[in-house]
Amino acid sequence: MPTLADLRVTQTARLLQVGGERSFRRRLLELGFVPGTPVTLRKIAPLGDPLEFEVRHCRISIRRREAAAITVEVDG
551 MPTLADLRVT QTARLLQVGG ERSFRRRLLE LGFVPGTPVT LRKIAPLGDP LEFEVRHCRI
611 SIRRREAAAI TVEVDG
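Numbering (the numbering used here), first residue to last: 551 to 626.
These are calculated hints, taken from the structure and not from any lab test. Check the hints yourself; a few may be wrong.
Stated by the list, open to error - Pairwise CB distance ranges (calculated):
no. : residue 1 : residue 2 : range
1   : Arg576    : Leu597    : 27 to 33 Å
2   : Arg575    : Asp599    : 26 to 32 Å
3   : Ala618    : Thr562    : 17 to 23 Å
4   : Leu566    : Cys608    : 18 to 24 Å
5   : Pro596    : Arg576    : 18 to 24 Å
6   : Met551    : Pro596    : 18 to 24 Å
7   : Leu566    : Arg614    : 16 to 22 Å
8   : Gln567    : Pro596    : 17 to 23 Å
9   : Arg606    : Gly570    : 18 to 24 Å
10  : Ser573    : Pro596    : 26 to 32 Å
We treat Cβ as the ideally placed atom computed from N, Cα and C, and that holds for glycine.
Please construct the entire structure, taking both the sequences and the accompanying hints into account.
Here it is as structure tokens:
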């Protein structure tokens, strides 16, 4: 199953499940990372970490390791 860490810049996917530690999952849900929500990878830092995503018209950066815990369905 693809994860947020697998996306290419400008690629959009729909969130399926937020994994990881409980406090991390809760924080992402508060920020709008809700299953069914579209999310787009906007930027990758020069050393490859963190990744910047756009979700619900906000830009949020998370570590690649954390992005790998979030499963997605890639849009066509």
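Structure versus earlier hints, numbers of those that do not hold, lowest first: 2, 5, 6, 8
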